[in-house]
Structures are given as C-alpha cells and as structure tokens.
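All chains, please: the whole structure from these sequences, using the hints.
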Amino acid sequence: MEYYDIRMEWEGPVYAFFGVALQLLAWQKYADGRPDECLLALLAGTVFLLVGVGYLTEFTSFVVAAAVVLLVPASYFSLKVHLKNSNPKWWRWYERQS
Numbered sequence: 018m019e020y021y022d023i024r025m026e027w028e029g030p031v032y033a034f035f036g037v038a039l040q041l042l043a044w045q046k047y048a049d050g051r052p053d054e055c056l057l058a059l060l061a062g063t064v065f066l067l068v069g070v071g072y073l074t075e076f077t078s079f080v081v082a083a084a085v086v087l088l089v090p091a092s093y094f095s096l097k098v099h100l101k102n103s104n105p106k107w108w109r110w111y112e113r114q115s
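Quick note on numbering: the sequence shown equals residues 18 to 115 in the working numbering.
Subject to a maximum C-alpha distance of 20 Å in a straight line, what follows is the list of computed EDC-like cross-link-like pairs (lysine to aspartate or glutamate): (1) LYS97 - GLU54; (2) LYS101 - GLU54; (3) LYS101 - ASP49.
What follows is a list of derived Cβ distance ranges for each label pair: (4) GLU28 - ASN102: 33 to 39 Å; (5) VAL64 - TRP108: 29 to 35 Å; (6) PRO105 - LEU73: 43 to 49 Å; (7) ALA38 - SER103: 25 to 31 Å; (8) TRP27 - TYR93: 33 to 39 Å; (9) VAL85 - LYS106: 31 to 37 Å.
Hint data in this document are derived by calculation from the structure and do not stem from the laboratory. No residue lacks a Cβ here, since even glycine has one placed at the ideal position from N, Cα and C.
Have a look at this one:
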C-alpha cells in the first residue's frame with residue numbers, strides 16, 4: 018500500500034495565499050510611509066510565497082525569478098522612503114543634485 022501525504026494538496030495554496038496577503042500588506046505599509054514595516058512584511062511575504070510555489074511546482078528558475086521581481090523594486094523603494102524620512106536634510110540635498 019502506497020503512502021499518500023494529504024498535506025501536499027493544501028499546504029502550497031495556503032502558503033501562497035499568506036505570501037500574497039503579506040505582499041499586499043507590505044505595499045500598504047509602503048503607501049503609509051512606514052518603510053521598515055514594509056520591508057519586513059515584504060520579506061516575510063516573499064518567503065511564504067516561495068514556499069507555496071515550491072510545494073506547487075518544481076520550477077526552481079520560476080521561484081528565483083519571482084523572488085527577484087518582488088524583492089528588488091520593493092527593497093529599492095523601501096530604502097528610498099526610509100532615507101527620505103530618516104534624514105530630510107540629506108534628502109533635500111540629494112534631490113537638488115539630481
């Protein structure tokens with residue numbers, strides 16, 4: 018008799034759902050101007066999303082591409098907002114230079 022693991026049917030979609038929910042929460046935190054919380058929610062959401070995709074498929078290149086597409090722009094914008102909020106004098110100087 019072959020052993021069948023029922024968890025594989027629901028774990029992937031559940032992890033992916035929580036990952037997407039955390040990604041949306043991260044963008045809401047970004048819109049509210051809280052970059053530290055945005056980055057934390059974004060990283061947690063990406064981890065959950067990648068675990069969910071890992072359960073659903075074996076396409077490793079897709080998982081890596083998804084991580085890059087989600088993390089790179091969001092990390093850049095989170096850092097930009099953080100710098101703008103943490104040191105306004107430096108930010109005004111930076112904007113004058115560009």
